[in-house]
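Model the full structure from these sequences, guided by the hints.
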Amino acid sequence: MKDFHGIIFAYSAAPELRELVGVRTAASLPFCGRYRLIDFALSSMRNAGILDVGVIMQRDYQSLLDHIGSGKAWDMSRRNGGLRMLPPFGLPEYHRGNYAGTIEALNAVGSYVRDIPQKYLVLLLGNLCANIDLTKVMEQHKRSGAEITAICADHTPAQSHHRYVVGEDGFVTQVYFDRTDDGEGLPSLEGYVINKDTLLKMMDDCRAKNLYRFHKDAVAAFLAEGGRMDTYVHPGYAVAVRSVEAYYKASMDMLKPEFRRQIFPADRPVRTKTHEEVSTYYGESAVSRNSLVADNCMIEGSIENCIVFSGARIERGAKLRNCIIMRGGIVGEGAELDCVIADKYCSFSAGTVLTGNPKLPMVVPKGSRI
Amino acid sequence: MKKNCIAMLLAGGQGSRLYALTQKVAKPSVPFGGKYRIIDFPLSNCANSGIDTVGVLTQYRPLQLNSYIGSGQPWDMDVTDGGVYILPPYQSAGEKGSWFSGTANAIYQNIGFIEAYDPENVLILSGDHIYKMDYADMLREHTEKGAACTIAVLQVSMEEATRFGIMNLGEDGFVNQFEEKPKQPKSDLASMGIYIFNWKKLREYLIADENDPNSSKDFGKNIIPNMLHAGEKLWPYRFKGYWRDVGTITSLWDANMDMLSPTLINLYDASWPIGSRSPVCPPHFTGESAEIIHSIITEGCEIDGHVENSVLSPNVIVGKGATVLYSVLMPGAVVEEGAIVEYAIVGENTVVHAGAHVGAAPDGTDAWGVATCGPDIEIRSGAAVPAGAMIYTGEEV
Chain G
1 MKDFHGIIFA
11 YSAAPELREL
21 VGVRTAASLP
31 FCGRYRLIDF
41 ALSSMRNAGI
51 LDVGVIMQRD
61 YQSLLDHIGS
71 GKAWDMSRRN
81 GGLRMLPPFG
91 LPEYHRGNYA
101 GTIEALNAVG
111 SYVRDIPQKY
121 LVLLLGNLCA
131 NIDLTKVMEQ
141 HKRSGAEITA
151 ICADHTPAQS
161 HHRYVVGEDG
171 FVTQVYFDRT
181 DDGEGLPSLE
191 GYVINKDTLL
201 KMMDDCRAKN
211 LYRFHKDAVA
221 AFLAEGGRMD
231 TYVHPGYAVA
241 VRSVEAYYKA
251 SMDMLKPEFR
261 RQIFPADRPV
271 RTKTHEEVST
281 YYGESAVSRN
291 SLVADNCMIE
301 GSIENCIVFS
311 GARIERGAKL
321 RNCIIMRGGI
331 VGEGAELDCV
341 IADKYCSFSA
351 GTVLTGNPKL
361 PMVVPKGSRI
Chain C
1 MKKNCIAMLL
11 AGGQGSRLYA
21 LTQKVAKPSV
31 PFGGKYRIID
41 FPLSNCANSG
51 IDTVGVLTQY
61 RPLQLNSYIG
71 SGQPWDMDVT
81 DGGVYILPPY
91 QSAGEKGSWF
101 SGTANAIYQN
111 IGFIEAYDPE
121 NVLILSGDHI
131 YKMDYADMLR
141 EHTEKGAACT
151 IAVLQVSMEE
161 ATRFGIMNLG
171 EDGFVNQFEE
181 KPKQPKSDLA
191 SMGIYIFNWK
201 KLREYLIADE
211 NDPNSSKDFG
221 KNIIPNMLHA
231 GEKLWPYRFK
241 GYWRDVGTIT
251 SLWDANMDML
261 SPTLINLYDA
271 SWPIGSRSPV
281 CPPHFTGESA
291 EIIHSIITEG
301 CEIDGHVENS
311 VLSPNVIVGK
321 GATVLYSVLM
331 PGAVVEEGAI
341 VEYAIVGENT
351 VVHAGAHVGA
361 APDGTDAWGV
371 ATCGPDIEIR
381 SGAAVPAGAM
391 IYTGEEV
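Residue numbers (our numbering), protein chains in the order written: chain G, 1 to 370; chain C, 1 to 397.
In short, the hints are calculated from the structure, not lab data. Be aware that one or more of the hints could be misleading.
Below, a list of computed lysine-lysine pairs in the DSS-like style, where the Cα atoms sit at most 30 Å apart [said to hold, decoys possible]: (1) G:Lys319 - C:Lys320; (2) C:Lys320 - G:Lys256; (3) C:Lys183 - C:Lys233.
Treat the numbers as computed from the prediction; the structure is a model and nothing was measured.
So, in structure tokens, the structure goes:
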């Protein structure tokens with residue numbers, strides 16, 4: 001839609017992703033064999049016709065830049081508008097190192113936000129694994145007359161989240177912060193459709209008061225002043241990936257057909273950068289059960305409940321269970337891995353045995369040789 | 001913009017010997033080897049050889065080919081001073097306009113396109129061969145020898161030589177005779193249908209040939225013999241490596257099976273990538289009861305059955321208890337629960353319903369052949385498609 005502009009938050013450091021974010025941001029975390037987490041936000045926007053999108057980043061964004069390039073894969077390489085990668089350029093006075101909150105991140109690219117020609121903004125997290133039908137959210141936002149429409153989950157996330165309590169008139173009356181279980185209200189996915197004027201006011205007010213948090217400062221004040229916030233419940237899979245455990249669980253969830261259908265619906269494809277890839281070859285002794293395997297792999301060994309990214313080689317007699325092997329991983333003859341997340345280009349020599357736990361999978365950092 | 005060499009790719013033929021597979025699409029856009037279409041091979045060879053300007057001559061059913069090639073981006077041909085151009089037959093002021101009446105006529109009709117690049121040389125390619133070839137090396141030899149035309153040749157067995165256009169060489173190593181399908185071949189060097197011409201020379205011969213009412217306007221039948229007759233220097237460029245013509249059902253199936261052996265043609269070689277326009281689907285999924293042996297599988301597939309010695313294209317579904325042996329499944333083909341597909345080619349989006357049986361293992365008789373189902377066909381539950389059968393789109397099976 002022409003009168004909507006997208007903003008994706010891809011600056012999050014998410015320390016609980018440990019070794020996985022040593023070399024990248026959460027948004028550029030490889031996911032499901034061929035994607036990066038930010039593909040979901042970019043594709044949701046693309047599929048709703050939002051082609052003018054700013055991606056807010058702060059540090060460790062090399063892999064993000066590599067992945068997104070000109071935005072061509074999402075049709076966002078446009079003559080006018082299109083995709084803009086936004087490193088910090090107008091840091092607010094109170095800035096101290098990492099962005100402490102979304103409002104600070106927005107103020108750091110304040111002039112970009114101010115110059116957005118569209119009337120409405122769509123804000124999404126870069127590390128949210130969800131395929132959201134934003135067309136519906138945008139239509140609802142225009143219809144309801146709300147200044148903000150909050151995108152909420154239809155289930156309670158396992159992780160800490162905010163909840164919105166909706167009053168009789170359909171608008172939000174209250175927000176509860178940092179909940180971890182069921183209770184009153186709808187769990188927020190921290191995705192919003194918001195009027196540009198409303199967002200600019202939030203940014204200015206917070207800046208004046210040295211505040212930097214979107215929910216605890218800006219949204220709380222907005223609701224206290226009687227602002228109108230509507231809610232949209234996204235029916236389907238949605239997880240914000242903030243920890244190794246969440247990453248592992250979301251990855252394994254993709255082995256379930258019902259979740260795959262929600263994340264990869266035929267009418268809203270998830271787009272990503274394409275590499276020149278060939279098909280995957282299965283050898284004479286290959287076994288592949290309940291697994292997702294990307295292109296350009298050589299499978300000679302046995303994999304079960306695994307996610308294998310492109311360019312991986314699983315040699316004869318190797319046995320992998322419940323593993324995630326990222327791009328270019330090599331598992332030597334007879335090696336046995338269970339509950340291991342191997343970052344890109346790891347190699348495991350013949351006979352290696354490594355075992356993690358589903359609650360605490362073993363993360364092997366990028367490029368390790370074992 | 002002057003270019004040393006541009007390529008003209010002949011992609012207008014129907015490929016009538018592929019029958020049901022080319023009812024609605026031209027031969028070069030027939031899916032091949034899992035992720036590719038036949039035309040990916042010559043286009044990628046051009047890109048990898050540093051040839052960035054390619055005219056693709058289309059005539060028969062060009063719709064899918066046009067959209068497949070698009071801007072040429074998958075082959076890095078979306079460049080500003082060159083690129084890939086679709087060249088259909090066209091009408092000129094005051095003329096009736098006509099179809100391309102032969103390979104030479106197709107190039108003749110596009111002299112204007114070629115002149116725009118003022119090239120020294122023109123590479124003529126066909127859109128129905130599977131091979132990896134460095135045209136830059138061929139061009140180097142062509143220039144070194146000062147040839148009017150350089151013809152890529154492949155050494156074949158004397159038996160096979162009777163099925164090809166054969167080049168006989170003189171003592172100086174240049175071609176001195178060309179024989180089409182000779183009964184008693186004098187040489188084992190077969191023409192691969194790949195030519196580099198000095199453009200000034202070719203232009204002369206094209207114009208002369210166009211004015212000859214008895215000519216069939218064909219490179220092999222007219223242009224090459226005319227050049228030989230006139231004493232032009234024709235150099236044979238010896239190609240070593242994998243090369244297959246995929247103009248028949250059997251050769252198409254054979255070449256697909258070859259894709260399972262990287263020793264024949266290595267598609268995993270990062271220095272010579274074969275580009276393709278792929279649909280961007282999730283990785284393929286193998287279910288609890290999947291068994292996959294000596295096969296290639298690609299994005300978007302969902303496999304829950306037994307797949308052996310087969311080539312699967314994107315978005316193929318093989319249901320629980322289904323069996324796929326020695327077969328080629330084109331994009332979006334579905335083999336439902338308990339169905340059997342063996343020694344077969346199944347076209348795009350064709351559904352083999354539960355319990356149906358397509359094809360049969362070789363029985364040693366001459367009547368045996370690969371079973372072929374065209375695109376968009378429903379093979380109903382329990383139906384049997386015998387070996388060698390050819391099922392066309394729209395047929396009730």
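Hints that the structure is at odds with (numbers, increasing) = none
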